[in-house]
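Based on these hints, arrange chain X on the given structure of chain B.
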Amino acid sequence: MMLTGAQILMECLKKEGVDLIFGFPGGAVIDIYDELPKHPIRHILVRHEQAAIHAADGYARASGKVGVCLVTSGPGATNTVTGIATAYMDSIPLVIFTGQVPTHLIGNDAFQEADIVGITRPCTKHNYLVKNIADLAETIKQAFYIARTGRPGPVLIDLPKDVVNATTEFSYPESISIRSYNPNYSPNRKQLRKAAELLAQSSRPVIYAGGGVVSSNSAQELTSLAEQCSLPVTTTLMGLGAFPGDHSLWLGMLGMHGTYTANMAVNNCDLLLSIGARFDDRVTGRISSFASGAKIIHIDIDPTSISKNVVVDVPIVADCKLALVGLLEELGKVSDVDWATRFAPWNESLVEMRSTYPLTYAKEGEWIKPQSVVEKVFALSDGQAIVSTEVGQNQMWAAQFFTYRHPRTLLTSGGLGTMGYGFPAAIGAQLAFPDKLVVDIAGDGSIQMNIQELATAVSYQIPVKIIILNNGFLGMVRQWQELFYKKNYCATCLHTNPDFVALAKAYGAEGFLIEKHEDLEPTLRAAFAHPGPVIVDVRVEPEENVAPMVPAGAALSEMLLV
Amino acid sequence: MRHVLSVLVENEPGVLSRVVGLFSGRGFNIESLNVGPTLDPAVSHMTICTSGDQQIIEQITKQLLKLVTVIKVVDLTEEQAVEREMVLMKVGAEDSKRAEVLRVADIFRCKVVDVSPDDLMLEITGDYNKIRAVVALLQRFGVKEFVRTGTVAMRRSMQLGER
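Residue numbers (my numbering), protein chains in the order written: chain B, 30 to 591; chain X, 104 to 266.
Honestly, the hints are just simulated from the structure, not real lab data. Worth double-checking, as some hints may not be accurate.
27 Å max Cα-Cα, derived DSSO-like pairs, lysine-lysine [to be verified]:
no.	chain 1	residue 1	chain 2	residue 2
1	X	K165	B	K219
2	B	K94	X	K169
3	X	K169	B	K160
4	B	K337	X	K247
5	B	K223	X	K193
6	B	K337	X	K165
7	X	K175	B	K170
Per the computed footprint, the stretches of chain X lying under chain B, defined by three or more beta-carbons under 8 Å from a beta-carbon of chain B, are [unchecked claim]:
no.	stretch
8	117-124
9	152-165
10	171-183
Virtual Cβ for every residue (Gly too), placed ideally from N, Cα, C.
With the rest of the complex left out, here is chain B:
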């Protein structure tokens, strides 16, 4: 069958099971938009391309599917770069289609031309410029395959306008093999045995799990391993939800704003079992002091993650799920160890530490505490909400004071730390799960970075709830200025915030203001009950700090504000 490039794109999307894309039209992709309405693919028109990619990202994180977005050439493409880098840092599978000027104009500084393949080379898993219509179907097949396999990531396809309009015989490749791309999934048995032996010899083990457990859908296996061997568990920000936050073996998140117990457990352990985490600097603090007395087992699908930041004793390059299953088998073989008894003194000491140094905050005072807002969101949603966050204090409080019990329920820009991520990501997640409560925990600074998406939420009646922890500051930077820069609050005071309630209403959404303690619960209830998108502007303690804290470059044992 002879098809145009635009038609081939639609057919390929259907073959890949894509029924939802996020985008924004323009001259270079107008032919694709001309074709789009003829196909059962829902298109969400955003108000800025950055939101298209964050929404696709939120959709991907919440659903586990590949997120797709479509934008035009030049500025359309460059506006997605922050979102591509965000997804790349957090290993989120996306396929981004960008328009491009016709092939004969490439390199001519044509109108709305940008070398997006060159620009995104360092922040995509792979990218393509399709110069020949004959390569289009195969390229799209490859892109989806690369995006979702191995360590997932964003893949970009640049589509020149003449290629979109050319015609060719369409056939979609059934199978795929790329000689230079063969991710390894199965773990090395010998290494698994070594890991099992180390575990059996240890007396103070800790599991340190990350986003890899979420992306490989192995939360169940992680819990089985922890329970079977009585291993205490901490996770990174990206790993929250991979282990039940109300479990007796749960230590809390580790790292810069992790719990005292998690950080001390890692500091004092004699065996660290890292699963799908990459020893990021916000996790490790001063690297030379990180788990310095411990043997380290590192399971990761990406060979480059291993021995990048710390030298490990037992590297295992594998899919987390297969590695966990294999490790459980090997543990069954190594010993007749009574794990619970063996690790009882260690676990008891951690339980005691957890009750002595819980995550907490001063609850009294005139102002509403931002932490109490997050706790209230948890309570009122019965812990069933999908939470997205912006970046900064709001993100850390959302990580600390909401109990995540299931994977894919916290959507947050962990690696890149992208302000403005949370609201569009919430839109994407809500479209993946129309019946769930989706809440964006935002700050008054971050929310303004993509607030235009209120128009998107209103036009499709996407009932996302935005909770602004409004402290009138760029709070996290202000906190650093307070603690480390002698309170020189340079460029962090937001004295001219808009009236968020009026703004929500101007867009056709609902807005609520909460200033008093007694309004918090009833107003949040009303907001959650509202059928459409809502902004809740909660005025919180302006100079509340995120605690505890490991200062940048310090060791995990050197926590402040415990």
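Chain X only, in chain B's frame:
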């Protein structure tokens, strides 16, 4: 320590920039880089000289392999290999020094490929240490122009163990 990496890549647009961008983006060092076609038109060969401790070289190798367009990476420093580099060099050779320049050139089996009243253009082939030695010896005559290809290398078929 200096390492010579032999890298096979898909011969397609942008592949060089992927490799080079990886080095600059991650702060790895490139001492020399040589790219050329192979007998298979779909594949290109790169020889990259770089430096770093074992951990850095391991990262470089793994990061290269992570690029979708990279087919194979071999660290030739860990194997017995033949290494060659070519230099073209214009050396001052007025009448008074000409004989001495030619003598040095002869000792190192350099070829004279161009002559003028004031200088000689020499073609020198050898491994990293030989090139260093020739350059050191000829510098005192005045080097007017200097270009080098960067290293190419090939693994020896017989890997003889040390006695």
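Given hint K169 (chain X) paired with K94 (chain B) - CA-CA distance at most 27 Å: Roughly 23 Å between the alpha carbons, so the hint for K94 (chain B) and K169 (chain X) holds.
Holds or violated: K337 (chain B) to K165 (chain X), with C-alpha atoms at most 27 Å apart: 10 Å, holds
Agreement of K175 (chain X) and K170 (chain B) with the hint, judged by alpha carbon distance not exceeding 27 Å: Roughly 23 Å between the alpha carbons, so the hint for K175 (chain X) and K170 (chain B) holds.
27 Å limit on alpha-carbon distance, applied to hinted pair K169 (chain X) and K160 (chain B): 24 Å, holds
Straight-line alpha-carbon gap K165 (chain X) to K219 (chain B), limit 27 Å: 21 Å, holds
Coverage criterion applied to the stretch 117-124 of chain X (partner chain B; beta-carbon cut 8 Å; 3 residues): Since three or more residues must qualify, the claim that chain B covers the stretch 117-124 of chain X holds, with 4 doing so at under 8 Å.
Outcome, coverage of the stretch 171-183 of chain X by chain B - at least 3 residues whose beta-carbon is closer than 8 Å to one in that chain: holds (count 4)
Given pair status - K247 (chain X), K337 (chain B), alpha carbons within 27 Å: Violated: K337 (chain B) and K247 (chain X) sit about 44 Å apart, past 27 Å.
27 Å limit on alpha-carbon distance, applied to hinted pair K223 (chain B) and K193 (chain X): 60 Å, violated
Coverage assertion for the stretch 152-165 of chain X with respect to chain B, Cβ distance below 8 Å, three residues required: holds (count 4)
Taken one by one, the earlier hints fail for this structure at numbers 4, 5, listed in ascending order.
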